[in-house]
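Assembling the complex is the task here: the two chains are given apart, and the hints tell you how they should meet.
Chains A and B, in that order, are what the protein sequence lines are.
Take the first sequence: its letter number 174 is residue 174 in our numbering, and every next letter is one higher.
To convert a position in the second sequence, counted from 1, into our numbering, add 342.
Everything labelled a hint here was simulated from the structure, so no lab data went into it.
Take these hints with a grain of salt, some might be off.
To be verified - Result set (DSS-like, lysine-lysine): computed pairs, CA atoms no more than 25 Å apart in a straight line: (1) B:782 / B:795; (2) B:670 / A:230; (3) A:230 / B:655; (4) B:829 / B:612; (5) B:655 / B:623; (6) B:655 / B:612.
Everything numeric in this text was worked out from a predicted model, so none of it was measured.
Okay, here's what each chain looks like letter by letter:
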Amino acid sequence: MASSETAVAAGQRARGLAPFLRSQMRNIAPFLTLIFLSGFFAFASPSFATLDNLGNILTQVSVTGIIAVGLTFVILCAEIDLSIASIANVTGIAVAYFTLQESYVNIPNIPLPGAAAILMAILLCAALGLVNALGLTVIGIPSFIMTLAMMQIAAGISAMLVRGQIAYKVPGLITTLGSGSIGGIPWIVIVAAIMLLGGHLVLTYTRFGRYVYMVGGNREAAEYSGLNVKLILGAVMVISAVCSGIGGMLGVAHFGSAQQNEFDTYLLDSIAAVVVGGTSLFGGRGGIGNTIVGLFVLGVLNNGLDHVNIDSFLKILIRGLILLAALVINVYAQRLREKAVD
Amino acid sequence: MREDRSPILELQGITKSFGGVEALRGVDFALHPGEIHGLVGENGAGKSTLMKIIAGVHSEFSGRFLIDGKETHFRSARDAHAAGIAMVHQELSVAPDLTVAENVFLGNQPTNRLGLVQWRRMAREAGEQLARFGIDVDPMSRLGDLPIGLQQLIEIARVLFSGARIVILDEPTSALSPPEVERLFATLRRLREEGTAIVFISHFIEDILLVSDMVTVFRNGRKVAETPSTATSKGALIEAMIGRGGEALEHSYSDDLMLPQPSDSSVILKVDQLSLARSLKDISFEARAGEVLGIYGFMGCGQQELSRILFGKLQPDSGTLAVGGTPKTFASTAAARRAGVALVPESRRAMLFHQEPVYKNISISILDRISSLLLKPAQERDIAQRQVEQLQIRPPVVGLDLGMLSGGNQQKVALAKWLTYPPKLLVLCEPTRGMDVGAKNDVINIVRDLRAKGLAIIVLSTEPETVLSLADRILVLKRGALVREFKNEPVSKDRLLEAA
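Next comes chain B alone, as it looks inside the complex (with noise of 0.2 Å):
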């Protein structure tokens, strides 16, 4: 089909770089109305950055950019729109207090001669058009009562069908179930047959093979692979993608490693089917004594969730956790602390005080310990100084305000929280993200330490290479259910990569 077309778009030689870094390095494309083109490499790569070039997000890059042939410059996404490319965006932008067929007129209401929105007409064409997405809700009823993976599925039906003759989806199912999925797939293909061209990012590999014709592999911000979807297989795309025996990386996990012994030590953690909306589906696992227990997935699995209710932020509609005694859920975060569970979110910013000096940052957690109504502010400091000493924080000032150290020392006073006395079960959250590999090597340890103490630790990451590099056994949590467990055998990124 793409053959006898001349591509709609065309890039040449596209670099950006952000601060001295280089995002893209020489990226060619080219996309063909009529093509479904899938896009596919790891968190960074810069499939992203290359797709918000093109929808006009990042407007300064050097390389040339041509639409039907013609060289362009957007300076906006508006001037990208008004080209005729969209773009649905990873993270849901939607007004949940605004009906579905505002939501899907957002912009652009039909009107009358005097300006007033005619809602009948609105709601008669907003119907039709979800209607031919297989999606059937009353287009009057408000956004924000419909599951999320219908608000997506509008979300996306909006962008669609908005007359675009390029449209972006980046990661549009990670939200989605099978028949969603399905849905969304029969449309793309009616949309493909009309002469609409779309690109679709995604890091389920399967759905790229099962729906694009042409597919490309992103490494390190260059283009390393570009093929019919019909010639590849999942396999020799996550090849593609980490590079076997290619550039030399830190340490690249692509060799298998030998997952030890499991551990028999007393079981700290038992989770029994615990389920949350479409978030989570019936996960049950255990977490042992002086275990590092992995889990990996990818981003939207429900991992955030799941260590939200570990920690009771949140809790799950059905199921139980029992650290130690009777299965319960926790109602609190503090009745979870109380319990023995500690946990270090991803962003730092959701656990530490800037404004507050160091070592009210490392008592806070421990305050109700070491004072039952004075505070004894001699002993924080002296707490604090051996943390700071033991986990090597710098500058090692324990009075200094906590928003003046490095984000790797602010991660390191994360954790030491939760280390003066040490909790029974310790969650982390991508404990290394951002870190550079000095800091990475030191939270390392303080963890396989902590290990050795014998706490229970459960590390989830969107990164396979933190999972690898800490756990003692993985488990696979794909679309908010575990799918695989590896225990005792060989492991590597490849491995971790198609089971999820």
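Chain A on its own, in the form it takes in the complex (with noise of 0.2 Å):
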């Protein structure tokens, strides 16, 4: 069997390198424009190619690597989560909201043990995100419009909880995750590193993430081959949003502070991670390795910018450019990847 896989390993080599280069482009071009980037930012700037910044760049991408972890589950269906910022900040409030303030926080809030308070935002972040899985599963609303509707649900459940206040307390496991370090390493990005881990062994080891790709190849196949495709999709969203959760308290953390629309930024940074790195929106390829690729991407984008003089209102408009350039790229990849199979 090793030896005529080989042989036609071989034979497809024989053909040609071109036709191979093309089939995995969706995973050579945003390793192309990493090191792209870092060249071009190391050059521009002494201080960019330094230890410690490549630890600032890791800290900086870590919130939303600990997002895209459940987002690279999603779109790997072929579905879309537009409700993990808002979910990230709701769950970030809420552990604040349950853990004891200093006396000059006006919030009304009902301070529980840090366990208790744990587990009562991981609870409500799961819960939001059965929410969408039902929508999408049962009801049948697309995952986009179901997603939307959570962004402001989850929003407005925020507004609720802090009444335009901040909060500052956090349980202590989470300030010391989300702010606290070991050796010299942050523990957040300890904690990034893990769940960027996990999530790579459960696409890639287990069943469950078998049928991940499976129904993102081909959902019609995948019923047909008698898959419980709504049992998949519904547990992929609610996947995102406990990762979302997560993301959102050690955010807290780290910000040191909890307060409405802290995440608003982070939608988008997930998204793109997600679509920078390579996998592909209309599901079935890519994965976790793609998704660290593409915070990388983006982590040395938006930390080389600060390095470079550049008029920061230009910041946002070269990311734009960048993100575009990363969905053509994308939808090429799908092409081509397409013409090499047939």
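And the structure:
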């Protein structure tokens, strides 16, 4: 078996390197982008290519990374979750809401022990994810619209909880994981790394992970293979919400405060990280590895633009253009791969 | 009526090929004003190709094409339309979200001088037109809310009243109920009196004989008979269609084939009074272990819906299924699979993952049996390798992307998915469609092996050969109802066609 496969692999190679490269376009392009951007900023600014700055970049992408783990599952299924940033926000606020605040914070909250506060926050984001899941699978609302509504609902709950105020205290465990460090390495980077690794292992080595890819690759075929497609879609929506919630709690500790609209930029950043990394918007192709590359592309871009002298308003435009370029590559990569297979 | 007028349309020596395969070979065809001309022939005999040439869909062909005695060449369907030729295609092509009136006037709504649509006039005229057709609906209701048969009638009405001089109807009656068919025929006769020339294609030979003046029979791209419908019979037409004693086919199944004594092994599937909207009416039958049950019927007879209900993809309006246990229906395909039902649909695209390797395609349906949490890729590959060798899938490389295999080999992969842990009931839709002879024989042998292992197998097909080559017992499905059962008796292609 092994020998015949090598023979065919050799045969595929013999047909030329070009088709192979074309079929791998989605993995190669983000890497080239990353190398190009890193090289450019290292050349343009002496303070960019330092070990300290690498640490900065890692810390800066951690919250996005945690949220992007769950979003990768969703996009692999050819769905979308627009409520991630709102759910992150409400979960961060909730964990503070259930923690005793200083007397000057004027929020009528419910202080609980730390573990209970964390549990309540996790339950909240899981419940919101479950609502997304039911809307998508049972009622049949497209995920784009369902999560758009959830984005508003979660923002509404956030507003009701803090009522325009700012809370500062979160349970000790969250404070440590969000803003502490061990041996010079921030805990938040470690948590992000563990979650990304966990996501990768689930997608690559478990039955559920295979189902995610198959549902994303051809949903009709998955159904005709007797898979419970709705259960899988529902599960990825809950996974996405819980990852967002964890990102939100650590983010609140990292920023040192819990307030409304704190995570607004994370919606675009997380989607951008997944898509720039090369995970197909049509589902079934890509993975956590791609998301990690995408996170670095985004992190290097955001960080590097701070190191070079550039109009801070122009930065926003540049990010938009890079995202557009990534989308173009994403769609082309899909077409090239289809051609390579046919 | 026709002798005193010259033909409105005349085709001479039409030949058309697709990629080296001749679909039409030197066909002559003439159509006169005030004539209803019926066309019959098997799937792929060339009827639809000829009609698409007339309607300007195919513009590349050889032969002479005359309208009113003048040589013409249509470059597009639009040219044909301008010349007064209109066609109703087999597949419904309406805009379900628009109103009935908008559909009737699609593309030429009445407008006032400012170019604004005159809604009231449009609704009134649409209502009048449909009333002439015996259709009584509110012209302002949404078309998609009406039953499919009514939608089809409205589409036909739109074409009939578009002022066309030549109207082509491709299988217009397959979704219609008997009274609706009557209404359609009455309208066709009225249009004939007004001088319209009508071509009527149908698998339902009774319909053809009832409504048409002339009948033309096609076989293998040739016109093999043309006769006034009063001078022929259903039997004679079927004989002309399948060509008894005619050209040597691979195996024509024109001779009687003896079906075996029905098996008395245990009942695996019991279907009780299944009904689904307009597609299925009161279907009841049983499938037994070690038996291949063939279900034959024309396109649109309800086969597809039946197979989907058996696999939990569609829910019936009423009726139950019982696989081993208590009567119920399957809420999902996952539930059907758990109960031991497997389906191979007619479209490979619908059940295979083209960008994934062969072994993942084979293992997808059995993953939960070989792994609880973690995947076991080595075992998956072993299982796939065994299936690939057993079914002689070429090339025998389980790591290859499925899309690189030929169609016949893909079809075998679709079967292989279900064979590692064989189901109790295997439902196959069109298992040999579009295959070459070798692949067909392979599939036939696989199915016979499975029968020997005691599976209950249901084969649904619109091709009589497929059913005849596989089935021990044959049910005939006609317009959603089971009309005939063949068992322990001689059966042949023309007997099947006769029944359907």
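Hints violated by the structure (listed by number, smallest first): Nothing - there is no hint that the structure violates, so all of them hold.
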